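Undergrad: Let's have the full structure, built from the sequences with the hints guiding it.
Chains as they are written, first to last, in the numbering used here: chain X, 361 to 950; chain Z, 276 to 515.
Rather than coming from a laboratory, the hints here were simulated on the basis of the structure. One or more of the hints may lead you astray.
Said to hold, decoys possible - From chain X, some residues computed to sit far from chain Z (all C-beta separations above 10 Å):
no., residue
1, 484
2, 844
3, 890
Unchecked claim - Here are the simulated distance ranges between beta carbons:
no., chain 1, residue 1, chain 2, residue 2, range
4, Z, 374, X, 814, 26 to 36 Å
5, Z, 324, X, 844, 51 to 61 Å
6, Z, 386, X, 641, 37 to 47 Å
7, X, 866, Z, 349, 29 to 39 Å
Predicted, not measured: the structure shown is a model, and the values here were computed from it. Every residue, glycine too, gets a C-beta built ideally from N, C-alpha and C.
Single-letter residue listing:
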Amino acid sequence: MSIEKPSVDVVIVGFGWTGAITAMELADTGLEILALERGPMQDTAQTANYPNVIDELEYSVRGKLFQDLSKETVTIRHSLSATAVPYRQHGAFLLGNGVGGAGFHWNGMSWRAFESDFRLRTHYTERYGAAFIPDDMTIQDYPVSYAELEPYFAKWEDVAAVSGQAGNVRHHIRPIGNPWEAPRSGEYPLPPLKDTYGAQIFARASAELGWQSFAVPAANASAPYTNQYGVRLGPCNFCGFCEGYGCYMYSKASPQTSILPALRQKKNFTLKAGTHVTRVVTDSTGGMATGVNYIDPQGQEVFQPAKLVILCAFQMHNVRLLLLSGIGHPYDPVTGEGVVGKNFAYHMNSSVNVRLPENTQLNPYIGAGAAGTAIDDFNGDNFDHGPLGFIGGASVYHLRPGGRPIQQSKTFKNEPKWGKGWKASVQDGYQRILPIYAQGSVMAYRNVYLSLDPNYRDIHGQPLLRMTFDWHENEFAMIKHAIGGAKKIAHVIGGDVEVNLRESGSHFDTRAYQSTHTTGGAIMGDNPQNSVVNRYLQTWDVPNVFVMGACVFPQNIGYNPTGLLAALTYWSVEHIKKLYLKNPAPLVQA
Amino acid sequence: MSEHASRRRFLQATLTLIPAVTLAPRDVFSATPENRKISIAKPAARNSNYVPRYFTEDEWQFIHVAVAQLIPADELGPSAVECGIPEYIDRQMQTPYAHGALWFMQGPFVTGLGPELGYQQKYTPREIYRLGIEACNAWTKTRFGQPFDRLDQSNQIKVLEQLEADHITLGEMSGSLFFAQLLGNTKEGYFADPIYGGNKDMTGWKMIGFPGARADYMDWIDHPNERYPLGPVSIDGNRS
Numbered sequence: 361m362s363i364e365k366p367s368v369d370v371v372i373v374g375f376g377w378t379g380a381i382t383a384m385e386l387a388d389t390g391l392e393i394l395a396l397e398r399g400p401m402q403d404t405a406q407t408a409n410y411p412n413v414i415d416e417l418e419y420s421v422r423g424k425l426f427q428d429l430s431k432e433t434v435t436i437r438h439s440l441s442a443t444a445v446p447y448r449q450h451g452a453f454l455l456g457n458g459v460g461g462a463g464f465h466w467n468g469m470s471w472r473a474f475e476s477d478f479r480l481r482t483h484y485t486e487r488y489g490a491a492f493i494p495d496d497m498t499i500q501d502y503p504v505s506y507a508e509l510e511p512y513f514a515k516w517e518d519v520a521a522v523s524g525q526a527g528n529v530r531h532h533i534r535p536i537g538n539p540w541e542a543p544r545s546g547e548y549p550l551p552p553l554k555d556t557y558g559a560q561i562f563a564r565a566s567a568e569l570g571w572q573s574f575a576v577p578a579a580n581a582s583a584p585y586t587n588q589y590g591v592r593l594g595p596c597n598f599c600g601f602c603e604g605y606g607c608y609m610y611s612k613a614s615p616q617t618s619i620l621p622a623l624r625q626k627k628n629f630t631l632k633a634g635t636h637v638t639r640v641v642t643d644s645t646g647g648m649a650t651g652v653n654y655i656d657p658q659g660q661e662v663f664q665p666a667k668l669v670i671l672c673a674f675q676m677h678n679v680r681l682l683l684l685s686g687i688g689h690p691y692d693p694v695t696g697e698g699v700v701g702k703n704f705a706y707h708m709n710s711s712v713n714v715r716l717p718e719n720t721q722l723n724p725y726i727g728a729g730a731a732g733t734a735i736d737d738f739n740g741d742n743f744d745h746g747p748l749g750f751i752g753g754a755s756v757y758h759l760r761p762g763g764r765p766i767q768q769s770k771t772f773k774n775e776p777k778w779g780k781g782w783k784a785s786v787q788d789g790y791q792r793i794l795p796i797y798a799q800g801s802v803m804a805y806r807n808v809y810l811s812l813d814p815n816y817r818d819i820h821g822q823p824l825l826r827m828t829f830d831w832h833e834n835e836f837a838m839i840k841h842a843i844g845g846a847k848k849i850a851h852v853i854g855g856d857v858e859v860n861l862r863e864s865g866s867h868f869d870t871r872a873y874q875s876t877h878t879t880g881g882a883i884m885g886d887n888p889q890n891s892v893v894n895r896y897l898q899t900w901d902v903p904n905v906f907v908m909g910a911c912v913f914p915q916n917i918g919y920n921p922t923g924l925l926a927a928l929t930y931w932s933v934e935h936i937k938k939l940y941l942k943n944p945a946p947l948v949q950a
Numbered sequence: 276m277s278e279h280a281s282r283r284r285f286l287q288a289t290l291t292l293i294p295a296v297t298l299a300p301r302d303v304f305s306a307t308p309e310n311r312k313i314s315i316a317k318p319a320a321r322n323s324n325y326v327p328r329y330f331t332e333d334e335w336q337f338i339h340v341a342v343a344q345l346i347p348a349d350e351l352g353p354s355a356v357e358c359g360i361p362e363y364i365d366r367q368m369q370t371p372y373a374h375g376a377l378w379f380m381q382g383p384f385v386t387g388l389g390p391e392l393g394y395q396q397k398y399t400p401r402e403i404y405r406l407g408i409e410a411c412n413a414w415t416k417t418r419f420g421q422p423f424d425r426l427d428q429s430n431q432i433k434v435l436e437q438l439e440a441d442h443i444t445l446g447e448m449s450g451s452l453f454f455a456q457l458l459g460n461t462k463e464g465y466f467a468d469p470i471y472g473g474n475k476d477m478t479g480w481k482m483i484g485f486p487g488a489r490a491d492y493m494d495w496i497d498h499p500n501e502r503y504p505l506g507p508v509s510i511d512g513n514r515s
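TA: Dropping the structure here:
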């Protein structure tokens, strides 16, 4: 028999970026808002204080801030006919845990998306013809345009104190900044971070090749900044401990750094940590949510009634909650029918390493999560895809997130892994191996999706989420093209060059870290047959359930997802306030 | 006498002192009862008074000898033993990590689906060491009549290479799993903050030039390609 709590107006499931944004933006309505976060309370003073946070073993190696996989993980298989096995140890992606979610331990790369990303199928059809898109590629347009989202990107960038150099302000392309970016209404809130030595080398080589490089937009504050919530961020001191860590300098944006100090002052807001939501409860018709069930810190089952349920858990967890709650029709890859779990996507990465001259002092420990320089000449549709035959692109960049010795002391792959040879190569490489990365989009495919696993369960006895995913030829061709650009930069820089290209035919490898940029599974679209949520991120089937996060991306972009998912959240909450609260009903007619 | 001639004379003189085992074909499988008798057997150097809490005496001996091969003493710095790596690994064995508590450890454990799907075995780090060391010693006893730590150095290296390449199976466990556990923990201990028992005197950090817990380069971002002037500090405030 479960405990029933008094009803609230709004329950928010998960307290990472989207949960914090949603709660903060709704707080001025006066509604009673309850946020349920399954992990522990975490803040800078307790969880990321100096010098204890400067501990590579505890944080990024043992994963202090990562999801406890012993309790719950996902299963993974490469094809529809295979049996999925659990993701038993953290590898390819690093799921977050606790207050702040993955937004506490992220790097802070904060991008917008290209205008063409929002109308991808239409754009490629117009420019290259409908036959250019493979039959098994299930990409679709976002049901919202860049122009509609622009004010929300700007709002997010203020809250996160993003440091950068605008390259396109109101269609005026500048000789500095990113010439390919979608038009901005104004400057970044802060000037770009200073260039590391490696970034300077990358920028010089790019310029020689005629490519305009620019500072990666960084949610690592380049100077003190007070955001619109009145929260003060400190200046980044390039400590080199972003990803896997909280920021002891209060420079890297995070839900607890950038929003919670203001949000916790709101009397109508409550955050309960250690509460694990197991499902959204719907009424007898299945057409309205009545609240959520959760397990409290004492292990008791609780029913929390609510008028409005907003799913703000991580991408995979939102999809799993929808499946466990029976909201929306699960996707069937054989028939192509159903929508929940459809169009799961990811990123594809490769890299090039350059060995700079002896006695170079890259000082790799002088870094920040988003301290980097990039070019976008290989991203989006910024080049003619016609003769190349693939869709999508990649950002090509040098990033210096730090020089943490266990995980970031580089050697070339043909060098010894141990013994005297290893000592010599790790010492030699540390100061002079310069990496260049390519991180590219992954399209959606008919045979890639998320579902509930038939064999494995979490500690509460609920089925794990199952990921059916492998690479497709389109992405191999995309990354090979982008790495071609990286190689050119490397050769202009000079020195030995090592290419680490993900080769056609290789399988998705769960072991080595790639990125935590998983997307899709609860995608947005213009009708209930092609999507789980409408353009306001409201579920088609249950109008008082909204879903936030990268799970709504119809397919992934060639950029880190946080800027886009944050903008979409601001967009959605604005329309919840303007439209839904006045008339709690479907905001788009099916 | 030219330097070259001098070096040659030195080598000739030295060769006569080398025990027969190292002149035998360089193949770990070729050891015979004859050369076993003369293989060098000396206990590994101990560098602290630390008393292990998890490892048995035999295991402790194995760990010392193995990590000293993975990170040996040379002109770049002292060995893993002198850096406290055995202590580091033993102390890690007391953590949730070593009990597999950070991993999803529910069965069924389905193996053989391809390495890309990641770790799919049932062993915790503690078990990997316990089973791995015992089976490795059993293997070397069969081949050489000696446990691993009593092999001469070249054979120790060869056994490690064979483990790494998965040419030795340790009961039901792959040799490469055991090797990866050992090498991974050894490098962790070499580069982790000294509070965990390894990286004594910040030796690992000094070798590559990492300033440790300083973590404030507000000034040095303005000095591209210039050597950072300060040595490392540890979390507990020690300098070296």
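Undergrad: Against this structure, judge whether each hint is valid.
TA: Taking the hints in turn, this is what the structure says about them:
no.	hint	verdict
1	484	holds (30 Å)
2	844	holds (25 Å)
3	890	holds (31 Å)
4	374(Z) <-> 814(X): 26 to 36 Å	holds (29 Å)
5	324(Z) <-> 844(X): 51 to 61 Å	holds (58 Å)
6	386(Z) <-> 641(X): 37 to 47 Å	holds (40 Å)
7	866(X) <-> 349(Z): 29 to 39 Å	holds (36 Å)
Of the hints listed earlier, there is not a single one the structure fails to meet.
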